[in-house]
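2 protein chains.
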Amino acid sequence: MLRDWGSRDKAFIALTARIRARLLEIAGVGASHVAVPVQGSGTFAVEATLGTLIRPDAKTLVLVNGAYGKRMVAILERMGREAAVLEWPEDRPVEPQALDAALAAEAAIRHVAVVHCETTSGILNPVEAVAEVVARHDRGLIIDSMSAFGAIPFAGAEVEFDALAASANKCFEGVPGVGFAIVAKDVLAAAAGNAHSLSLDLHAQWRGFEANGQWRFTPPTHVLAAFDQALAEHADEGGVAGRYRRYSENRRILVEGMRGLGFETLLGDEVQAPIIVTFLMPSTPGFDFQLFYDGLAERGFVIYPGKLTVADSFRIGCIGRLGPDEMRQALAAVEVTLKSMGVGVLETVSR
Amino acid sequence: MLRDWGSRDKAFIALTARIRARLLEIAGVGASHVAVPVQGSGTFAVEATLGTLIRPDAKTLVLVNGAYGKRMVAILERMGREAAVLEWPEDRPVEPQALDAALAAEAAIRHVAVVHCETTSGILNPVEAVAEVVARHDRGLIIDSMSAFGAIPFAGAEVEFDALAASANKCFEGVPGVGFAIVAKDVLAAAAGNAHSLSLDLHAQWRGFEANGQWRFTPPTHVLAAFDQALAEHADEGGVAGRYRRYSENRRILVEGMRGLGFETLLGDEVQAPIIVTFLMPSTPGFDFQLFYDGLAERGFVIYPGKLTVADSFRIGCIGRLGPDEMRQALAAVEVTLKSMGVGVLETVSR
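Going line by line, the protein sequences match chains P and C. Under this note's numbering, the very last position in the first sequence is 351; numbers go up by exactly one each time. Under this note's numbering, the very last position in the second sequence is 1351; numbers go up by exactly one each time.
By construction, these hints were calculated from the structure, which means they are not laboratory data. Remember, predicted model here, so these are calculated numbers, not experimental data. Honestly, I wouldn't trust all of these hints.
[Said to hold, decoys possible] The calculated lysine to aspartate or glutamate pairs, modelled on EDC-like cross-linking and capped at a C-alpha distance of 20 angstroms, are:
1. P:K59 - P:D138
2. P:K10 - C:D1294
3. C:K1307 - P:D9
4. P:K10 - C:E1298
5. P:K10 - P:E210
[Claimed, not checked] Partial chain C-side listing against chain P, Cβ under 7 angstroms, derived:
6. M1001
7. W1005
8. Q1039
9. S1041
10. F1044
11. V1073
12. P1176
13. G1177
14. G1193
15. N1194
16. N1212
17. Q1214
18. Q1229
19. E1233
Cβ atoms here follow ideal geometry from the backbone N, Cα and C, with glycine treated the same way.
In isolation and in its complexed conformation, chain P is listed as follows (with noise of 0.2 angstroms):
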């Protein structure tokens, strides 16, 4: 990042080819597919991505159960693209059997839109399961695999799917400015002209890349230079499966230490992805959220407010450069804050 890249120059081209490769092979996709990075945050990869593959005339069904669900159905809803919602509470799963009725009963709907690890609580959505039901009534799906991707397991090769978005800032570990998707080639080829924007068209945008090894528009260079050596990294450490047993280990640690300070998690640990934990806001008299965000800030941890509808919460998230000393040195933050803070034995409203 010290360096200031040429975006036309052939160093620079290399650079932007060899993570455009390597995120084809991390979804384990090859020919199939093409990745297609975007400047912005990983909202203007999702915008660019909806925008792009769905037609206007065409509707949506989206499966929301989070803030980010919400969020897809506020992008089509802005480009005028029609949208349907299916529907669950913040903490439960999207369901499979329930989108299978609705595909059934609505022939007008072309593509199912959904988020794989909701942020909002931490949930992991079934992707594979909800693929599966779309395939088989011979719609698109759209993943929106910001928090996932690259730290979830997902065998791209196994699961049908038109297009998958992320950005280089969440598992990668890289630094914010850039998304991208993961788009079948075939349908990513069908849909020029499709988009709502110049800037996030990205049929535009690949076949830019195609013809010359180029950004359309100047790229952030720092940002991607970054990018680079950060999936240089994600493979040092070995790949997916080596960054899923390091954040599963944070998540362990966390969960565990947390409980015995009597926090009580939101999720059930069969759905909880090891990316962000929700805990409900204890009840116990003394305990004021501000001090404790407060008093572990000042301890080196920020940690995240709650985003629920569904109860009073706060987040702590495991991934990043983060291993099990520091989510250790976190609990002992959270110890003594609780100390400083003159609450004991914690206790939690059950919901």
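Using the hints provided, position chain C relative to the given structure of chain P.
Just chain C now, with coordinates in the frame of chain P:
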């Protein structure tokens, strides 16, 4: 850029606020305008500005004398917004008189869009005179000031404009990955719901900053940290006046030196911005552009191929962290490269 900023952290909120305030100062506007940064390349910022300020049913007149004017037309067409075009050859500035006549003739035109410095040729368009005509006809003006803002004097308090879009990585010498628009507050306040895109909705982006100082969607934190530093260095150099002086001196050295070697500029000096200079391709036998380009690149100087339709040409930039020494080194590299090609006195076919 070596620090991992938390995007919802107080220090980063302060950094964003500092950038936004500084941009208004540089534009010479006060509380009448707001600065709204947006993730992505400069084109993303231009599209966000056009998409947010122009109502879906409104017609826009685009003044075109190069590729970036044409790009605004392409953006409007892609969004399904009506566009009219007034076009000039690439070696002539846009003409306020023709604009005056066009606006008098067509009441349906609500907005005018113009490129400040058209880097296709390096020409400076007379945005102040354009703004005067647009204001007299009571239409709204949108300026793509991508490669001008920060180095070309612009008296925002005396120029009536709805919005001006630019980016961190041109005259501010930051790294690529973020653009911004400076928008009249009353115009932006009235623009809710116009945008064709969720990601590129400047109104919602602005409301987000106003609500809690935070970005709606993950910002490119490292890019913004670099932009903050770049703005401090811009101020240290004496702001726009200081940068204009250095770039103008770069241009003078470049143009005089290249003319001394027999090269001819496309533009007359009176319309040549101190940003990028277009040279006509020599017709001297033995001059081979690819060899010339590669010879300069080997010596550490990367130039630009031409982008003109009116003449065969190439371009050399005057901006970035470059001063008289680097411009003289570039000229020495040009001279040595010409010699290595066996080319003596240059001839250029007059157009």
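Hints versus structure:
no., hint, result
1, P:K59 - P:D138, "holds, 14 angstroms"
2, P:K10 - C:D1294, "holds, 11 angstroms"
3, C:K1307 - P:D9, "holds, 17 angstroms"
4, P:K10 - C:E1298, "holds, 12 angstroms"
5, P:K10 - P:E210, "holds, 15 angstroms"
6, M1001, "holds, 5 angstroms"
7, W1005, "violated, 9 angstroms"
8, Q1039, "holds, 4 angstroms"
9, S1041, "holds, 4 angstroms"
10, F1044, "holds, 5 angstroms"
11, V1073, "violated, 10 angstroms"
12, P1176, "holds, 5 angstroms"
13, G1177, "holds, 3 angstroms"
14, G1193, "violated, 9 angstroms"
15, N1194, "violated, 11 angstroms"
16, N1212, "violated, 12 angstroms"
17, Q1214, "violated, 12 angstroms"
18, Q1229, "violated, 13 angstroms"
19, E1233, "violated, 15 angstroms"
Violated hints, in rising order: 7, 11, 14, 15, 16, 17, 18, 19; the structure is consistent with all others.
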